[in-house]
Amino acid sequence: MSGINRRRFLKIGTTSASIMAAGGGISGLVSEAIELSMGGRQVSRTTEKFRKAIPSTCLLCYARCGIYGYVENGLLMKIGGNPEHPNSRGRMCAKGQAGINFLYDPDRILYPLKRVGARGEGKWRRISWDEAFNEISSRLKSLIDKGHPEEFIFQSTRDITTQDFARRFLNAYGTPNALVNTDLGRENKRLAQELTWGAEIEVNDVAKTHYMLNFGSNPYEAHLLRTSFAQRIQEGRITTVVGERVHHAAKIVTFDVRVSQTAGKSDEWFPIRPGTDGIVILSMANVIMKMGLYNEEFIEKWTNVSVKELSDYLSKYTTEMAEVISGVPVEDILRIAEEFAESKSATTISTGGLTKHYNGTYNERCILLLNAITGNIDVEGGFCLPRTYRLSEPSPIPPSPTIKSELIHPEGYPLAPHEIPYSVLPMIKEGRAKAGIYMTYQHNPVYAGPDCNQTKEILQDESIIPYYVAIDSNMTESTIFADIVLPEAIYLERWELESPPAFERIPFISIRQPVVKPLGEVKSFMEICIELAKRIGGGMEKYFDFATPEDYLDTAILNIDKLVNVGGLYYLMEKGVWYDKDEKPVYRSYEKNGFNTPSGKFEIYSEKMKEHGFDPMPTYLEIPEHQNMKKGELILTTFQWNVFTHQNLANCMWLSEIVHDNPIWINTETAMAMGINDGDKVEVRSMLGTLITTAHVTQGIHPDVVAISDSCGHWEYGGIACGKNFKSKDPNTQLIWWEKQGNGVHPNPIIPIRSDMVGGGQAWMDTVVTVKKV
Amino acid sequence: MVKIGEKRKIRYGFLIDLRRCIGCHTCSVSCKAENDVPLKVFRSWVKIIEKGRYPNVSRSFLPSLCNNCDNPICLKNCPVKATWQRDDGIVMIDEHRCIGCKYCMASCPYDVRHVNPLKRYVQKCYWCYHRVDKRVAPACVEVCIGRARIFGDINDPNSEISQLIATNPVQVLKPEMATEPRVYYIGLDLDVMDPMKGWKGLTHEDGGEL
Amino acid sequence: MDVQIIYNTPHEIPLGWFIATYFYLTGLSAGSFVVSVIATIGGKAEYKPLGKIGAVLAPILLILAPLNLIIDLEQPLRFWHLFVYLNFTSPITYGTFLLTIYPISGLIYAWFVFKGNQKMASFFGIIGIPLAICTHGYTGFILALGKGRALWSTALMPSLFIVSAMVSGIALLILAASIRNRFFLKNTEEKERDKDLIIGLGKFMGGIIMMDIFMVFNAIIVLLTSTKEAYEVVKLMLIGSFSYEFLGIEIFLGGIIPLFLVFNKKTRKSLRWLIIASILTLIGVYSMRIVVVIAGQSIPLH
Ligand SMILES: Nc1nc2c(c(=O)[nH]1)N[C@H]1C(S)=C(S)[C@@H](COP(=O)(O)OP(=O)(O)OC[C@H]3O[C@@H](n4cnc5c(=O)[nH]c(N)nc54)[C@H](O)[C@@H]3O)O[C@H]1N2
Ligand SMILES: Nc1nc2c(c(=O)[nH]1)N[C@H]1C(S)=C(S)[C@@H](COP(=O)(O)OP(=O)(O)OC[C@H]3O[C@@H](n4cnc5c(=O)[nH]c(N)nc54)[C@H](O)[C@@H]3O)O[C@H]1N2
Ligand code: SF4
Ligand code: SF4
Ligand code: SF4
Ligand code: SF4
Ligand code: SF4
Ligand SMILES: [Mo]
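Those protein sequences? They're chains A, B and C, same order as listed.
Numbering-wise (the working numbering), the first sequence opens with residue 417 and increments by one.
Numbering-wise (the working numbering), the second sequence opens with residue 346 and increments by one.
Numbering-wise (the working numbering), the third sequence opens with residue 3 and increments by one.
Bear in mind the hints are in silico, worked out from the structure with no lab data behind them.
None of the values given here were measured: they were computed from a predicted structure.
Each hint should be verified, as a subset may be incorrect.
[Said to hold, decoys possible] When the alpha-carbon atoms are kept at most 25 Å apart in a straight line, the in silico PhoX-like pairs for lysine-lysine are as follows:
#	chain 1	residue 1	chain 2	residue 2
1	C	K149	B	K421
2	A	K624	A	K1189
3	A	K1145	B	K385
4	A	K1156	A	K1143
5	A	K1140	B	K464
6	C	K149	C	K54
7	B	K545	C	K149
8	A	K1046	A	K933
9	B	K385	A	K1156
10	B	K545	A	K1189
11	A	K1000	A	K760
12	A	K557	A	K950
13	B	K545	C	K237
14	A	K1140	B	K385
15	B	K545	A	K1156
16	C	K149	B	K542
17	A	K1047	A	K1097
18	B	K464	A	K1145
19	A	K1017	A	K724
20	C	K230	B	K545
21	B	K519	C	K149
22	B	K519	C	K230
23	A	K1143	B	K464
24	A	K1188	B	K545
25	B	K542	C	K230
26	A	K850	A	K872
27	B	K464	A	K465
28	B	K519	C	K237
29	C	K149	C	K50
30	B	K385	A	K1143
31	A	K1026	A	K724
32	A	K562	A	K760
33	B	K426	C	K149
34	A	K1024	A	K717
35	A	K557	A	K530
36	A	K530	A	K850
37	B	K545	A	K1097
38	C	K237	B	K542
Required output: the full structure, derived from the provided sequences and hints.
This is the structure:
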């Protein structure tokens, strides 16, 4: 692990002759070009020595960028980017840079805690791991002895990497209630994509594209692949010359209800009425068919509908109708549709704004359609299939339990394969499932989910949730109700392997390894599972017959010969990432084996949807509560700040210093009509209740919409997250200067649980509210 | 300009290509992490404005840092020569000599200096000289998502920064101050560089500063 | 064009009350010194007491003044760096010399004044005048060379500081002399003569206040039409958060009212009114220092 000896340089300048000034020193007279390394090395200001560099992978959001931890005397001093990481290429976001704050968070939980007061009272006793393991394993065992392993309900959301491991543990234990499938925002997108083209997420080849059409995505601030994605959008937008090839700047057009950072930097921004993207997309598709700008070959050969059928079907979606519903002018729809279809290559970009609605699944189907009819599926500069490695599991592999689970496949949602995460606790309350033990891992249902107060009440009620174990890094709005809190090693202290969708179209594997010794007594989730399995026994232990998580990971890459040949895990520990250098970027992969759907085609028409009584064609579904809205009613949208990942970074001081306040955005004219001025205190009321915040009066939002971020206003989690100035080992906590301004409000208590009937995703962006000055 | 036959001196420069900037604050946070900058003060920050009238609205960004000027007024005004300039142009502060009179802060037209609230002397961005001297790019340059930040030798005509300056319209902040700033911008927006635009002023209710 | 700032970083104002007080005290010192010297070399015996008062006040004030400066340093224990590491382009370095030499020459001057050595007192007084003016003028340079700040960066600043220093210096002398007159002088004839002197000083003050207001007026008019920052800072002073301090205290209380008092038939002969006028003037000049220093930094630079 000698990152120090490896030198990576990004050549600045074009001269070929260049020397490395040995060791540096203050620069004097030199005539050679200077080359600066762009990652992999870092210098201490005080000792002027290079620090030990350990490659790893960030996990402060789903993008999973390649990083280096720079260590001195066992302390992490700095996090930098890994330029060899094919996706992030050495760049990082503000959150990733604040990872040190997360590691050395003064409020982190470092020891197992057992509740001593009443539920939620916040009184704890520090216990040993032995006591914690004994208590939890004996409770888990007794559920098995009772013959009700399904009463062990496990819920997690951010466990992209440990998902397989969690599933293994839960399968071995015998509970079907493994709520590990989702990352809470993507249920609708996943279902629509799986049904249509057999993948779960697309990769937009934006760096090479000629046109980007964005419906409700905000990659400059959020997006699942954030840093890797945003940098490529920027690349695509600038004219570049690579060798002989001239890439001309691509245009980006954004449809969003407000001026997000992305919208504000797009070539064009179209405000749109919430939840009406579907009709605009369909009418664009109609225009494209009518004008003959479609890609006949792709439609006829690779989709399961014909040009004629499609044209006929789409003809009802006129631009006039789209304008009436969405507010986007006919001329613009016509023009953008034409531009999109005529571009040599083009791709849509879409995430939450499109799918976090009651009609999210259908909307995503519309997007897939638009890319298909223009022939942009899996082509250079287009809308591409993800390429990743599938890691293997060591044998023996535990069988999946056969017991049926209402939580996983709730009635009324015949198609949603990814649970209805926010309904889990309410369903338990309604008695549709029984909880003996509820365990959360990296999940804060009270804060992250809708209707916080209901979730709170359920977790507080021992008759509904008799025993609650939380595995987390911090004392959150949820873990405060736990009976036992297990402190987990965070991403800088543990082992995992990653293979996120590759932008360069060559799949890769990156490693997460401890860059420092775990603080206090924290343990990784894998270690916790292994130990629990051993203590529960009863045959379960045979699936966890490895001494350490590293052993498990070692076997996970056994099926990748080329990696094994260069050293396997050791290679990864040394370099951070691996990919097959001989592989060439792959496009049009479907030409080989077809799409991963029942027909092998791109299923614009979905038999499966038909079977379950849903519309088999991409369609526009009106959002019921948005019809007949009364005067003065507005639609509440929530959004993500660029310095937070939902909630879990609010205790990072460098981030909270930048954003600690979340006023509600309201359109200038709307505000004027209500007598609201910028900075006024306002009350926002939904069917669930009210919140009070200040008004951010802006020209940059649709007049019928108000918007507020989802990552402020903590009431637990830590002093910094709560905006307090306090004494700790770090003198900086006494410099918190925004105490008076407060830490904002959280919108989720007034957002009701409401999900898309098809995909089961929460309709985050649909809440109807009224606003008044207080 | 280097004369023929003369050995070229390194003169560092910094360029921010705003066509590529996404306003992500990564530079600000990476600077804090690299240089142990406490809360309350920033050596690097990103101003963001919104302009226009619905529905024609856009955003502009302005990442700021010390310009390491060629003619630095902070240096001229420092009474104890705690501020000094290296041959390569980087303007340094001798932390052991600085008496903390804050005159440099009051004089700098760009407000890029700050008193370290824990150590009680004045600091500012020094283009990560400790990294640059070891041939490592400045911390904020390394991680910039848009690769909007370019650092290099402006006396080397072949360097990326020189080429970008040579082939693009560039701008510096407040050229009229004659400090000869060495942070160049491409695509700088008039409204974001104007401190008065969007400034709401101080009223008696704000208490002013008194 | 509608422009709204979505995010910007707050920056602290570097120079504050201590610096304004420092400027004020050096001004007072310089002003009273100059008046004292004029009185001393003026020849008339009745002026002598005035000269003595000034000669005492000037060095005392000048010892208090730099204390403010040192307290304001983030590293007060390093203040000796000022004497060791000199930077001849920095006005604070000139200040280091002036603040050392001027009080010394002032003390020598005072010594001769009290010894009644008219010749030597005049000699050191005349040497001291440019030093006193420089000592205060240089504080004006500190601001004038703070080129980022629209309000400061004007060639008028040193002169403006000197003129207002004169105003405050005379006001202080009037105050001191009046107190002496009321409480310490017994001889009625002497009292009357002294009073005439004070009334004369009042007129002198009135003249310089007019000059001061005239210069401020000039500065304001030019600032209003130069840069946007300058315009905004003047707006702050005229209708913004500094209007009480500027228009109310500096101009009205500290300028117009004293002018009225020293020139009005009914009040100009009354010591009581003159005392009030000089107190108001002293407050006004202090307010001016505060407004210049703090309002000058209240305009964002980014
Ligand atoms: N209003 C509104 N609400 C939303 C959304 C919205 O658009 N609007 N979006 C939703 C979406 S898309 C999502 S994905 C969810 C996210 O909701 P969650 O997944 O619940 O929230 P996260 O912020 O990702 O963090 C989860 C928990 O993980 C903990 N944690 C962090 N690192 C570690 C670790 O290494 N180990 C362990 N054990 N714990 C760790 C944190 O302390 C935190 O308690 O929020 C949803 N909430
Ligand atoms: N910085 C940061 N990055 C993140 C996250 C984070 O919390 N912070 N979370 C990660 C996760 S889990 C997720 S799911 C993604 C989310 O990433 P995104 O989906 O890109 O972000 P959101 O803020 O949920 O929504 C995107 C935009 O949709 C707009 N919008 C709302 N309603 C509509 C509509 O009806 N039509 C249109 N066209 N637009 C609409 C909102 O104004 C918002 O700007 O980001 C990931 N990356
Ligand atoms: S985008 Fe930021 S938070 Fe997400 S993985 Fe990359 S560096 Fe970490
Ligand atoms: S890191 Fe780069 S892209 Fe992000 S705000 Fe700073 S300059 Fe802009
Ligand atoms: S930007 Fe300001 S602090 Fe930096 S060198 Fe120029 S004048 Fe000095
Ligand atoms: S604060 Fe320090 S660096 Fe600035 S002028 Fe004073 S002594 Fe020089
Ligand atoms: S160059 Fe270094 S010191 Fe300057 S802003 Fe960037 S990170 Fe901070
Ligand atoms: Mo999400």
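**Request:** For the pair we were handed, A:K1143 and B:K464, check the Cα-Cα distance against 25 Å.
**Result:** With a Cα-Cα distance of about 17 Å, the restraint between A:K1143 and B:K464 holds, given a limit of 25 Å.
**Message:** Check the hint pairing B:K545 with A:K1097 against an upper bound of 25 Å on the C-alpha distance.
**Reply:** At roughly 18 Å apart (the allowed maximum being 25 Å), A:K1097 and B:K545 satisfy the hint.
**Asked** Are the Cα atoms of B:K385 and A:K1143 separated by 25 Å or less?
**Response** holds, 16 Å
**Message:** Can you confirm whether the C-alpha distance between A:K530 and A:K850 stays at or below 25 Å?
**Reply:** holds, 23 Å
**Request:** Compare the distance between the alpha carbons of B:K464 and A:K465 with 25 Å, and conclude whether the hinted pair is satisfied.
**Result:** Holds. B:K464 to A:K465 sits at ~23 Å (cutoff 25 Å).
**Asked** Given the proposed pairing of A:K850 with A:K872, does the C-alpha separation stay at or below 25 Å?
**Response** Holds: A:K850 and A:K872 sit about 18 Å apart, inside 25 Å.
**Prompt:** Is it true that the CA of A:K1145 sits at most 25 Å from the CA of B:K385?
**Reply:** holds, 18 Å
**Asked** Do the alpha carbons of A:K1026 and A:K724 lie within 25 Å of each other, as the hint requires?
**Response** holds, 21 Å
**Request:** Would you mind confirming whether the straight-line C-alpha gap from A:K1017 to A:K724 stays at or under 25 Å?
**Result:** holds, 17 Å
**Item:** Given hint A:K760 paired with A:K1000 - CA-CA distance at most 25 Å
**Value:** OK: A:K1000 and A:K760 at ~22 Å, within 25 Å.
**Request:** For the pair supplied as a hint, A:K1024 and A:K717, confirm whether the alpha-carbon distance does not exceed 25 Å.
**Result:** The hint holds at about 21 Å.
**Message:** Against the 25 Å threshold, does the CA-CA distance of A:K1188 and B:K545 hold or violate the hint?
**Reply:** Distance of about 24 Å is within 25 Å: holds.
The structure shown violates the earlier hints numbered 2, 6, 8, 29, 32.
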